[in-house]
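K.L.:
As a plain string of letters, each chain reads:
Protein chains: 2
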Amino acid sequence: MKKTYREILKWGDKREQKIDDITLNILKKIFSLSKQDLTEKHLLGDNEIKLEKKTSLSEVQINDLKKIAGDENIHTDDFSRANFSYGKYYTELLLLRKGLIANPPDAVIAPKSHNDVVMLVNYCNENMIPIIPVGGQSSVTKGVETPKGGIALDLTKHLNQVLEVNTINMTVKVQAGMFGPAFEKYLNKLGYSCGHFPQSFEFSTVGGWVAAKGAGQASTGYGRIDDMIVALKIVTPEGIIENKDYPSKAEAWDTYPLFIGSEGTLGVITEITMKIRKLRPENTQYASFIFKSFENAVYAMRKIMQADFGKPHLFRISDPEETDIAFKTKGFEEKFSNKVLKALGYLPGKRCLMFVSVEGDTRYTKFVKRQIKKTAKKCKGFYIGSGPTKNWLEQRYSSAYMREPLMDLGVMTDTVETAVTWDNLITLWKSVRAYVKQRNKTVFMSHISHVYSNGANLYFTFLSPTEKRNEENDYTQFHKGLIDTIYNNKGSLSHHHGIGRVLAPWMEAAVSREVISAMQAIKNHFDPNGIMNPSGMLGLK
Amino acid sequence: MKKTYREILKWGDKREQKIDDITLNILKKIFSLSKQDLTEKHLLGDNEIKLEKKTSLSEVQINDLKKIAGDENIHTDDFSRANFSYGKYYTELLLLRKGLIANPPDAVIAPKSHNDVVMLVNYCNENMIPIIPVGGQSSVTKGVETPKGGIALDLTKHLNQVLEVNTINMTVKVQAGMFGPAFEKYLNKLGYSCGHFPQSFEFSTVGGWVAAKGAGQASTGYGRIDDMIVALKIVTPEGIIENKDYPSKAEAWDTYPLFIGSEGTLGVITEITMKIRKLRPENTQYASFIFKSFENAVYAMRKIMQADFGKPHLFRISDPEETDIAFKTKGFEEKFSNKVLKALGYLPGKRCLMFVSVEGDTRYTKFVKRQIKKTAKKCKGFYIGSGPTKNWLEQRYSSAYMREPLMDLGVMTDTVETAVTWDNLITLWKSVRAYVKQRNKTVFMSHISHVYSNGANLYFTFLSPTEKRNEENDYTQFHKGLIDTIYNNKGSLSHHHGIGRVLAPWMEAAVSREVISAMQAIKNHFDPNGIMNPSGMLGLK
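Residue numbers (the working numbering), protein chains in the order written: chain P, 1 to 541; chain R, 1 to 541.
Be careful, since some hints might not be right.
Copies of the same chain look alike in the list, so a pair counts if it fits in one copy or across any two.
For lysine to aspartate or glutamate, the following EDC-like pairs were computed, each having C-alpha atoms within a straight-line distance of at most 20 Å [said to hold, decoys possible]:
#1 Lys98 with Glu467
#2 Lys173 with Asp423
#3 Lys278 with Asp308
#4 Lys350 with Glu321
#5 Lys244 with Glu508
#6 Lys157 with Glu184
#7 Lys378 with Asp361
#8 Lys244 with Asp226
#9 Lys490 with Glu242
#10 Lys185 with Glu164
#11 Lys541 with Glu238
#12 Lys328 with Glu40
#13 Lys377 with Asp254
#14 Lys98 with Glu52
#15 Lys278 with Asp423
#16 Lys2 with Glu282
#17 Lys541 with Asp254
#18 Lys339 with Glu242
#19 Lys157 with Glu271
#20 Lys369 with Asp308
#21 Lys2 with Asp78
#22 Lys244 with Glu514
#23 Lys28 with Glu321
#24 Lys373 with Asp361
#25 Lys112 with Asp227
#26 Lys311 with Asp227
#27 Lys98 with Glu242
#28 Lys244 with Asp484
#29 Lys66 with Glu126
#30 Lys29 with Glu202
Note that these hints are calculated values from the structure, not bench results.
Take the sequences, apply the hints, and build the full model.
P.N.:
Shown next, in the form of structure tokens:
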């Protein structure tokens, strides 16, 4: 059966998501989409996969590797190698649609066990073969590309089990390749939850969460993945790094955090011990508000985070453009309640939605919701019930799957995100908006979704018709200016997407020559032959 | 005027603390103290300070150093050098009392600025002169000894200012050498608090808190020092490491946390940006409970930490022996209420005190106290009002100052602490008690004072008459067995005292050869000539 590039690019999702009619009509209008745009899919990617580059592994090497991992766990066919050539960065999807895979891996290997990983890393280290650890391939930073070929290490096939649940310590030990839904389902059956729900949840793994230093939608309450990790087990070319599961300790500096955010450059994470919490969805309280301006909403958010009365778990503000789009696509604009809102001074182009959920003990969630409502009211926030937040939660993963149908329309679309202190947040947001709006026909939505006492993230989603036959270049130029604008306005290069190869060129300026030099020394220690996810990652050599 | 060794050993405290009569009578009985013990101070340390070793710095070097830091900031006299020879480890105090200082620093230098530190580090790096950064000298792990001489870098004289308070982000930037009380007073005047109150608070610095990875008495609510740090500025022989004050980020792994717990081995921390919170002591709620057994109290503590209804800030349990001593020394044993407690089954030798405080918003503190009372009641905890907790807080720093008068009596006394998961806590506590109780005439008190969802610390205080004329050896043998027992029963080497030179021999076994090797590579990168707090620190070369 013919295997096409299109099979690969669907964000791992077998469903072909469609854009609903209301949204499509809005986009048609904003982007002046032609009939051709709507009927002929742009860069369909329907060609059969054929790789020009053959595997550069020798027969002897392939046999050696088979001895370690087993015949059935090594694949060198074109589809397998193409399938592990790219993550989900926008230009990677463009290249897939065009059938361009310059540097596929030489083989895809699925180790059966931690010990297999040890043997594979040792073998590759001796033979100078690159290793790229791969989870759900949801990287949006070119973090799982294979510019030097080598082995794509598929951890999801076998290393996908929960090893131990400790109900006294409220921790779980899990293998790196377990996908989010299977992990959460396993815990739910026992009455627990992991508390980590990144937008990539359905197609990302626990090991990927750690390697890319992710943050989930409940991070304001539960913290980022780094706050949840108790212990890691990592295979590096220099040996195994494993820490004990102490609740805390002062034994000099800790070594295992170096691997959080290492994006495969130091070793292969095989096991993770994480905190868990009781699953009590029936206790969760929801609240939604609307504010008269972004500044107002951000002020209320900051006051809530600094009030010391407990914290929401989900905490989110959409800026006016994202709010307007939400009103329009939900058909809310025509409703009577919208007239009331307008009469009260909550005007399109200015108003902002805030979503809140609070998890935990049933009295606690009610208590915190009450305090949040009081604070929001003081800041002129208008309570609009729990419905909008619940609705948002129901579709929280699916917006990422809209990228394919949008690209089919010839619409360039991507997301970029940053962390910023409160005192720089509004300026950063305005500057980035001003930059993006220089481009004609652009939808540019911003939200805040991970909140701290001293600042928050800003998450930007942009849509704009691509320059056909100049797609990569169009995007790359636009993206460069966007990151420059963020960086020049005191935003971090990333809050939770990571650096990969996409943001690597900015790293030295962002973290300093001295920090890069220290990072390189650490890389050189764990990976002296430079086999771990080599070439262009994180600003390292 | 004659300067004696005794001037130095008083924990920096100019007061000569006395043991109150009730306590003294208890000790007399338990330890069978003789009249001579009570009247003649053991190892008084009253000799005049005279160092055998002269400074090994050349005149040229001293002049060069004077050019950098100024004449008035360099001291090479015997008292200054003796004063910076030791921290506050038990055997260090013994050596001081005996007038034995084998390896004083060659000079004490107080840099005027961050730039002075840069120049001093560069100069010492070129000239292979050791540097030992010093804050309040409260190390109880031989962390500020100078076995190879060199420069004791006194950061407290000039680098002791708040540089900036950001009331939008709720952060403060402070120089490393500022002492706890001055720092807290500065913040209090503006209506804020730092939230970090280690027992060494009165004689420790912000930089010391970071370098030793400390935890304060409110750590259950506010976290350890690592949870409070937003940014650090550090001078290393390889250059300056400084991170930005983002609330969070995913720019590969972070480098500045390597310096948290580095104990001076990688560089000199000069500036710290920390979170602050509103000062609202009037909102704080206090609660005290008594439980029928240690197991009961620990169970209640765990349930409270895993309930997800908010957290106490101070959270503490004393084991039966510590509880009994508290009852006796407070004269509570004779009171009527004690008869009631006994009648209710809260028996001496078994019962345990629990102290709680909750800080923050006034409704929050009341809410959380209510939930804690309910949970404690379910676990058969008896509420005994807010008084005992308040009383404990009033004298929370002073018990450390009892060491000198105890040593005057010939009583060996020290504290050791560890972190342990819930499932190992009771076994560890019992094993350590069994070990200590092999020794005759021993008071051995344990408490838990830093609590997490997955475990807690255990803090041990022991008192026992020393073998006179064999004091160091007596202590060292006893201490070795104690640490072995902790380690063999799954406790960490330290929860918040750090490693220094005292626990260094256990490090490789505790963290693994691979981790030590990685730590050494990091040390070699930042400090290629090995000038930073050299010789025997943290298990490193």
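K.L.:
Against each hint, give a clear statement of whether it holds in the structure.
P.N.:
Now the hints, each set against the structure:
{"no.": "1", "hint": "Lys98 with Glu467", "in the structure": "within (15 Å within a copy, 83 Å between copies)"}
{"no.": "2", "hint": "Lys173 with Asp423", "in the structure": "between (39 Å within a copy, 15 Å between copies)"}
{"no.": "3", "hint": "Lys278 with Asp308", "in the structure": "between (23 Å within a copy, 9 Å between copies)"}
{"no.": "4", "hint": "Lys350 with Glu321", "in the structure": "within (8 Å within a copy, 64 Å between copies)"}
{"no.": "5", "hint": "Lys244 with Glu508", "in the structure": "between (33 Å within a copy, 13 Å between copies)"}
{"no.": "6", "hint": "Lys157 with Glu184", "in the structure": "within (18 Å within a copy, 54 Å between copies)"}
{"no.": "7", "hint": "Lys378 with Asp361", "in the structure": "between (26 Å within a copy, 16 Å between copies)"}
{"no.": "8", "hint": "Lys244 with Asp226", "in the structure": "both (16 Å within a copy, 18 Å between copies)"}
{"no.": "9", "hint": "Lys490 with Glu242", "in the structure": "between (36 Å within a copy, 15 Å between copies)"}
{"no.": "10", "hint": "Lys185 with Glu164", "in the structure": "within (15 Å within a copy, 48 Å between copies)"}
{"no.": "11", "hint": "Lys541 with Glu238", "in the structure": "both (18 Å within a copy, 19 Å between copies)"}
{"no.": "12", "hint": "Lys328 with Glu40", "in the structure": "neither (26 Å within a copy, 88 Å between copies)"}
{"no.": "13", "hint": "Lys377 with Asp254", "in the structure": "neither (44 Å within a copy, 38 Å between copies)"}
{"no.": "14", "hint": "Lys98 with Glu52", "in the structure": "within (14 Å within a copy, 80 Å between copies)"}
{"no.": "15", "hint": "Lys278 with Asp423", "in the structure": "between (36 Å within a copy, 18 Å between copies)"}
{"no.": "16", "hint": "Lys2 with Glu282", "in the structure": "neither (48 Å within a copy, 73 Å between copies)"}
{"no.": "17", "hint": "Lys541 with Asp254", "in the structure": "between (24 Å within a copy, 18 Å between copies)"}
{"no.": "18", "hint": "Lys339 with Glu242", "in the structure": "neither (59 Å within a copy, 52 Å between copies)"}
{"no.": "19", "hint": "Lys157 with Glu271", "in the structure": "within (15 Å within a copy, 47 Å between copies)"}
{"no.": "20", "hint": "Lys369 with Asp308", "in the structure": "both (13 Å within a copy, 14 Å between copies)"}
{"no.": "21", "hint": "Lys2 with Asp78", "in the structure": "within (12 Å within a copy, 86 Å between copies)"}
{"no.": "22", "hint": "Lys244 with Glu514", "in the structure": "between (30 Å within a copy, 14 Å between copies)"}
{"no.": "23", "hint": "Lys28 with Glu321", "in the structure": "within (17 Å within a copy, 77 Å between copies)"}
{"no.": "24", "hint": "Lys373 with Asp361", "in the structure": "both (18 Å within a copy, 15 Å between copies)"}
{"no.": "25", "hint": "Lys112 with Asp227", "in the structure": "neither (29 Å within a copy, 38 Å between copies)"}
{"no.": "26", "hint": "Lys311 with Asp227", "in the structure": "both (15 Å within a copy, 16 Å between copies)"}
{"no.": "27", "hint": "Lys98 with Glu242", "in the structure": "neither (43 Å within a copy, 43 Å between copies)"}
{"no.": "28", "hint": "Lys244 with Asp484", "in the structure": "between (41 Å within a copy, 17 Å between copies)"}
{"no.": "29", "hint": "Lys66 with Glu126", "in the structure": "within (16 Å within a copy, 53 Å between copies)"}
{"no.": "30", "hint": "Lys29 with Glu202", "in the structure": "neither (32 Å within a copy, 68 Å between copies)"}
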